[in-house]
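So the chains spell out like this:
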Amino acid sequence: MREAIIPGRWSERMTFSPAVRVGNLLFISGATATDDDRQIVGVGDIVAQTRHIFRKFAAILTAAGASFDHIVETTDYFLTLADYDKTAVVRREFFRPPYPAATGVQVAALIRPDALIEIKAIAVLDALRV
Amino acid sequence: MREAIIPGRWSERMTFSPAVRVGNLLFISGATATDDDRQIVGVGDIVAQTRHIFRKFAAILTAAGASFDHIVETTDYFLTLADYDKTAVVRREFFRPPYPAATGVQVAALIRPDALIEIKAIAVLDALRV
Amino acid sequence: MREAIIPGRWSERMTFSPAVRVGNLLFISGATATDDDRQIVGVGDIVAQTRHIFRKFAAILTAAGASFDHIVETTDYFLTLADYDKTAVVRREFFRPPYPAATGVQVAALIRPDALIEIKAIAVLDALRV
Numbered sequence: 003m004r005e006a007i008i009p010g011r012w013s014e015r016m017t018f019s020p021a022v023r024v025g026n027l028l029f030i031s032g033a034t035a036t037d038d039d040r041q042i043v044g045v046g047d048i049v050a051q052t053r054h055i056f057r058k059f060a061a062i063l064t065a066a067g068a069s070f071d072h073i074v075e076t077t078d079y080f081l082t083l084a085d086y087d088k089t090a091v092v093r094r095e096f097f098r099p100p101y102p103a104a105t106g107v108q109v110a111a112l113i114r115p116d117a118l119i120e121i122k123a124i125a126v127l128d129a130l131r132v
Numbered sequence: 003m004r005e006a007i008i009p010g011r012w013s014e015r016m017t018f019s020p021a022v023r024v025g026n027l028l029f030i031s032g033a034t035a036t037d038d039d040r041q042i043v044g045v046g047d048i049v050a051q052t053r054h055i056f057r058k059f060a061a062i063l064t065a066a067g068a069s070f071d072h073i074v075e076t077t078d079y080f081l082t083l084a085d086y087d088k089t090a091v092v093r094r095e096f097f098r099p100p101y102p103a104a105t106g107v108q109v110a111a112l113i114r115p116d117a118l119i120e121i122k123a124i125a126v127l128d129a130l131r132v
Numbered sequence: 003m004r005e006a007i008i009p010g011r012w013s014e015r016m017t018f019s020p021a022v023r024v025g026n027l028l029f030i031s032g033a034t035a036t037d038d039d040r041q042i043v044g045v046g047d048i049v050a051q052t053r054h055i056f057r058k059f060a061a062i063l064t065a066a067g068a069s070f071d072h073i074v075e076t077t078d079y080f081l082t083l084a085d086y087d088k089t090a091v092v093r094r095e096f097f098r099p100p101y102p103a104a105t106g107v108q109v110a111a112l113i114r115p116d117a118l119i120e121i122k123a124i125a126v127l128d129a130l131r132v
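Chains as they are written, first to last, in my numbering: chain A, 3 to 132; chain B, 3 to 132; chain C, 3 to 132.
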């Protein structure tokens, strides 16, 4: 059944997994730009936060035997439109065409203080992994 | 094709299903803590509302021949961070490790008055059900 | 792997695809009621905007060899509850029972000025297309 993908430090107190794989589907939890000490990397800088989130995705994808090529959709929840368009630069660093589907909306608040953006994703791994 | 999962009372006026199954995928609509009379259970209490939503999920999962073990991701949309951390207690009541992926964001409003939280989910059923 | 579904005009500057198909799964990006010139159709009219979005979905579905019957879930992000209930009329124009799963939340803002609603969707195509 579902298998947790936990690439880094993780607390027993958490009631969710950073990502879950079942068959060839990989569901990546909404992530903010926290480091291993739960501090936000890139305070006030939505571009830096996006880059850190994708680095966390990279660790998850590697642990699942996958890559950014397998991500089929991302959902961005952000707190400000200021500089949000500049996060496209980060997408080009991690994704190559054809790009995944994407949705982005401004929300009222994120759980983590200082987080400007949270991103979730779904990936479909190679059929061989089913 | 898609099959509606409708465990309880449902109105012909609705233009969505409580859940939809196709193959071994189950998509659960965003649910608030409404009872069969469309009244919110646990007004002012996000923990009680979360518990009621998961009870509704339980009815859906049973009707689909599935369980909480099959849920791979949840998305929480809530109106307040006050006591939101306490909803983790409810997750422990219904889920067992490895936990599903999860995303949670504070939104501007929910459709249902008095609702403090709305949760959607995706489940992957056993391959035998495909 | 993932295949981009691009039914109309699309800019090389975009870092996402209108939709992505992999196997029999189709992920449709969050869409607002923009026309080919990136102008909102139905300014101030959430019902007209919803209809335009579903027309864009129709083009995507056709390009993917699918139909509204294959959509399994939709997520609505809207800016106002005023007249939101009237968007159900549009759902009846495009969907037939059993209806897909659905989630709808009011967000703080959408990227596109004048957009009142943004909708994303997931479809599962016929197994023959896997």
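Keep in mind that the hints were calculated from the coordinates and are not lab data. Every value quoted in this text rests on a predicted model; they were computed, and no experiment measured them. Be aware that a few hints might be false.
No copy labels: a pair is met if it fits in one copy or bridges any two.
[As the list claims (entries may be wrong)] Taking lysine to any residue and the SDA-like style, the derived pairs with C-alpha atoms no more than 20 Å apart in a straight line are:
#, residue 1, residue 2
1, Lys88, Thr17
2, Lys88, Val49
3, Lys88, Gly44
Hint check against the structure, violated hint numbers in rising order: Of the numbered hints, all hold.
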